[in-house]
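Just so you know, the protein sequences line up as chains A and B, in that order.
Every letter in the first sequence is one number past the one before it in the working numbering, and letter 334, counting from 1, is 334.
Every letter in the second sequence is one number past the one before it in the working numbering, and letter 311, counting from 1, is 1311.
Among these hints, one or two may not hold up.
Heads up, simulated DSSO-like pairs for lysine-lysine below, C-alpha to C-alpha not over 30 Å straight-line [to be verified]:
hint, chain 1, residue 1, chain 2, residue 2
1, B, Lys1149, A, Lys50
2, B, Lys1103, A, Lys135
3, A, Lys50, B, Lys1103
4, B, Lys1157, A, Lys50
5, A, Lys106, A, Lys50
6, B, Lys1532, A, Lys97
7, B, Lys1532, B, Lys1280
8, B, Lys1645, A, Lys125
9, A, Lys135, B, Lys1149
If you anchor each label on the Cβ, the simulated ranges turn out as follows [said to hold, decoys possible]:
hint, chain 1, residue 1, chain 2, residue 2, range
10, B, Ser1053, A, Val316, 47 to 53 Å
11, A, Ile60, B, Asp1650, 50 to 56 Å
12, B, Ala1057, A, Gly161, 37 to 43 Å
13, A, Glu166, B, Lys1149, 46 to 52 Å
14, A, Ile60, B, Lys1548, 23 to 29 Å
15, B, Ser1053, A, Glu166, 38 to 44 Å
16, A, Lys31, B, Ser1053, 47 to 53 Å
17, A, Asn302, B, Asp1638, 58 to 64 Å
18, B, Gly1637, A, Asn302, 37 to 43 Å
Simulated from the structure, these hints should not be mistaken for lab results.
The structure displayed is predicted, hence computed values, not measured ones.
Quick reminder that beta carbons are idealized off the backbone N, C-alpha and C, glycines included.
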Amino acid sequence: MSFIKRLRKTNGVSAFVTIKNSLFSKFLKNKHTGDTLLLKHNTIYVLPSKMGAGFLFVAILNFILGINYQNNLILAMAYLMLVMLVLAILIGYSNVKGVKISFKTKHDDYSPISPRLHFDISTTKLCQSFMMIYKNSQVACLDSIDKSSNVTVALPYTHRGCFALERIKLLSHYPFGLVSVWSYMQINETVYVYPEQIDATKNDNLVSEADNSQGDLKRKNGNEEFDSLADHQHGMGLQRVSWKHYAKTQQLMVKEFINFASTPMTYDYALLQGNTESRLSQLSFFITQAHINDHPYALKLNNEFYPMAKGRDHLVSCLIALSRFTTHSESDDATHS
Amino acid sequence: MQRIHNEKSINLTLSLIYGIVILFIMAELTPAFTLVLAALCLWNFILTLMNKSKPGALLANILAGLCLVLLLYDIGFSDSVTLFVAMLILSSLFKLLQAKSKKHYQTIVLLSFFSLSTVYLFSQSIIATLSVSALYVLNFAALALIEAKHNLKIASKQSLKMLFIALPVAVFLLLFLPKLPAFWQLPGPKLAKTGLSESVNPFDIAKLSNSDELVFRAKLATANPPSAPYYWRAIIHDEFDGSTWLVSDLLKSQQRKQSTSTTNTASDTQYSIIAEPSAKPWLFGLNKAYSTNRNVKTTEQGLLIRKRYLSNNINYQVKSTALDNSQLTKLQRYQNTKLTDAQQNNLRSQQLAFDLFKKNDTDRAFFSALTEYFANQGFSYTLTPEPMTSQDTIDEFMFSNKRGFCGHYASAAAFMFRAVGIPARVVSGYLGGELNEKDDYLSVYQYDAHAWVEVHIADEGWQIFDATAVVSPERLNGSLSQMQSLNNEFTNNLEFSLLRFNQIPGFNWLRLNLENLDYKWTNWVLGFDQQKQSSLLKALFGNNQLWKISLFVILTVIGIFIVYFIYLNWPKKSAESEHRLAQDFMNIANWCDKNGLNHADNLTPQQYLRQASEHFPEKKSYLLQFAQLYSDVRYKGDEFTEQRKKHSHDLVKLIKAKTKRIL
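Excised from the complex, chain A in its bound form (with noise of 0.2 Å):
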């Protein structure tokens, strides 16, 4: 029973959602899509807030308490609220008018680190209180933005996958917070988030039994002799800095190591143990510090396959590749897991 109603709910959430999709792209016919928007009368949408409604509310006790009484001031009193909650209205509008917001550059990284989106937001005047909200989470808040502001926006998917960015929410409750002045900005772009880099070496359970017969995948332990310092990238962890170096010269420097198993290599899912995250985490892995060496690599994912390269380029669709992937029988191997 408890099932069919879980069901049914979901059906009718979901019904509801693309309802209020359709609506929305109906109404706002792709005025807001595109990586530059503007903000101005036709994207711009003011209400008041719910804080605005309680006000008007209170503007509207005020006037029967002003009306019942004969009482003049109280009557003012309400009259004043009210003129307030227009002129909020009218300032809070002008306050976002001629913001422009850019979309610079998306910024995917290993999860759980959240990929981020670059934004410039320039203005003719000052714009105070200004939100942006993804999926009904704040994400970004700028007190005031004169002339011109970089803002960096942190997404909130924390787990491996690829996501089409939603609509952004762009909001401001100035002044004080009588109304909602927002609009929408819809980026064409996906982010992904790619799989958590897990070192399965340092975890013996995890060596594959295939190792041997395939012999593509090749992983020796303790068999790496020290070579050189190298500068730290992004993407690499923090076991191989040399914190002596780090403490003399404040500068992070990562112990390069002299790999034996410095032939090309095809990382290859299948070949894998662990569930699928897992496995996705190790290519993740591997194909990263193969990166960071400078080895070139393939990756076969079941159906696809990345042919030795080696580059930024390579690592990036390898790595887009991991986000995006999915088996069609999951189920059954969670259940082998």
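Place chain B on chain A using the hints.
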């Protein structure tokens, strides 16, 4: 739960707001409950100042419950308005004491917008209005602080600025938006005011509690003004129970209905009265008064009674005719001569009355004889009589004590008239008033309260008999405050007030001017009612042009908003667009030109400054420093930091300063 940035200053601001609100409604609450509210306020204030955490929900809820019980016990259900206001403030304070999130604070600020308005239910003086307006600014500032990160000073400035723009529009709406009649009748707050009472028993009072509270103002018409002495009638007491004069049930029932006989004659005197808020419905008029004001009821005896809005000022036009001179009906005669049980006491006074009546056989002759008796038997007027407690208080007063105030004389005289069968009643109200010569109105204060006797004399009708006038004739003219002989006694009796310093000319001038200001405030602001509005609108738009007025109001308000909106969005060619340094340079150049620097046109700033430094050797170093700064910022593109801004500012100051040291 969203945390907020300015929790401390918001807390302090709200505590302050509620603290002052409590000050204003203190008079309506019992001291115990006022203390509770003030303690809550102070508690929150101290917690915030010392950065202590707020009390837990359980403790606060238990306390709130206890306070609610105290509130219900203390104030009770009889005065629903005060109860409601006290509850509102109590709940707001407890909410404040527990507030943590943004939402909590928003709720409290909203509540205080309502709490602030309730202050006006009890007090509408200029001081109250100014204070509440200041609190409004603070409340808006608190609202802004919840949203933003900046400090209280900036927030108050902003809200003050916005309120200054909003206020004229609100006043405009108040003036021109047609006033609606009350939707429904709400109970009025019971004001804790002194005033007349339905029962008069002067004998147990040792000291008249005199207050300088204003009761009403009377503006005398220029056409047919009434003449002094002004006996402002308020209550008729027609029943005597041996010690106290009361309003009989019969009279009360008569007063319930509106008088129908409104004879309008040309000789009627005219005046208008602005009465202050009062705890009692009695209004004031001279002789037999009638008013056509919708909120005023005229009784058969020519008294005026307020129909509603006791907590408001009321402004009404009155016409007065002479007191009734028709014959009394049997019932009236009986009602105004009966002594019932009182006949058993005060036998000496009764005997005196009989003796006097025997000597003078007509009513009129007795009237004169009694007047003469009071004049010649050593009676004196005092505000501090000795209390008399025996059964025969009137005898005691008439024969041994002979000192008293109006109530003693009225009570004794009415008793003696009744003893010989002449209809008489005690009337209480006010006598005289302080004339403001500037605006030609009378101010009547609580200390002008008076009691006198009305006697019905055959063929003449009701006549005023005021023994006080005989004993102390100067009391008839002007206000009690102006009586020289009683001045010491009078001021000692008063609660603390400006009147105490009456003798000091500056103070009296100040008092009279404040008085005048208050009169205008009451007359023009508080007294701006439906009638005044409709006459104003009539004068501006002609008759029955409701659509014209509505259109005018709507268009004007929309126009104001549009102008404001355009102003907001006007591309600002402000100082910001021009570089601060350029302004500073212009400033220096102006100074140099004024001090006789001759220079060629079209010089670059650098050339100009160099030339100036040669012309003003004593300023050379400053001018060169400025030139260096200018070239750094304007040409080399260095950042114009706060420090540089200050440096530039200081240099301008130094350059423009007079150089005495060198001379």
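Now for the hints, and whether the structure bears them out:
1. Taking the CA atoms of B:Lys1149 and A:Lys50, the gap is about 20 Å. The hint holds against a cut of 30 Å.
2. Annotation: proposed proximity of B:Lys1103 to A:Lys135 holds, straight-line Cα distance about 21 Å (limit 30 Å).
3. A C-alpha spacing of about 10 Å is found between A:Lys50 and B:Lys1103, which places the hinted pair at or below 30 Å, so the restraint holds.
4. Pair hint B:Lys1157 plus A:Lys50 holds up; C-alpha atoms about 25 Å apart against a cutoff of 30 Å.
5. For the proposed pair A:Lys106 and A:Lys50, the alpha carbon gap of about 33 Å is over 30 Å, so the pair is violated.
6. For the given pair, B:Lys1532 sits about 44 Å from A:Lys97 by alpha-carbon distance, which is inconsistent with the 30 Å threshold.
7. For the given pair, B:Lys1532 sits about 25 Å from B:Lys1280 by alpha-carbon distance, which is consistent with the 30 Å threshold.
8. A C-alpha spacing of about 21 Å is found between B:Lys1645 and A:Lys125, which places the hinted pair at or below 30 Å, so the restraint holds.
9. Our distance criterion of 30 Å between C-alpha atoms is met by A:Lys135 and B:Lys1149, whose separation comes to about 24 Å.
10. Distance hint check for B:Ser1053 and A:Val316: the Cβ-Cβ separation is about 50 Å, which falls inside the suggested range of 47 to 53 Å.
11. Distance hint check for A:Ile60 and B:Asp1650: the Cβ-Cβ separation is about 54 Å, which falls inside the suggested range of 50 to 56 Å.
12. Look at B:Ala1057 against A:Gly161: about 41 Å separates their beta carbons, and that is inside 37 to 43 Å.
13. Range check, A:Glu166 to B:Lys1149: about 28 Å between beta-carbon atoms, so the 46 to 52 Å window is missed.
14. For A:Ile60 paired with B:Lys1548, a C-beta distance near 27 Å keeps the hint of 23 to 29 Å intact.
15. Checked against the given bound of 38 to 44 Å, the beta carbons of B:Ser1053 and A:Glu166, roughly 39 Å apart, stay inside it.
16. Evaluation of the 47 to 53 Å hint for A:Lys31 and B:Ser1053 yields a pass: the beta carbon distance comes to about 48 Å.
17. Under the hint 58 to 64 Å, the C-beta atoms of A:Asn302 and B:Asp1638, about 60 Å apart, fit the expected range.
18. For the pair B:Gly1637 and A:Asn302, the supplied restraint of 37 to 43 Å is violated, since their beta-carbon distance comes to about 57 Å.
Checked against the numbered hints given earlier, this structure breaks hints 5, 6, 13, 18; the rest are met.
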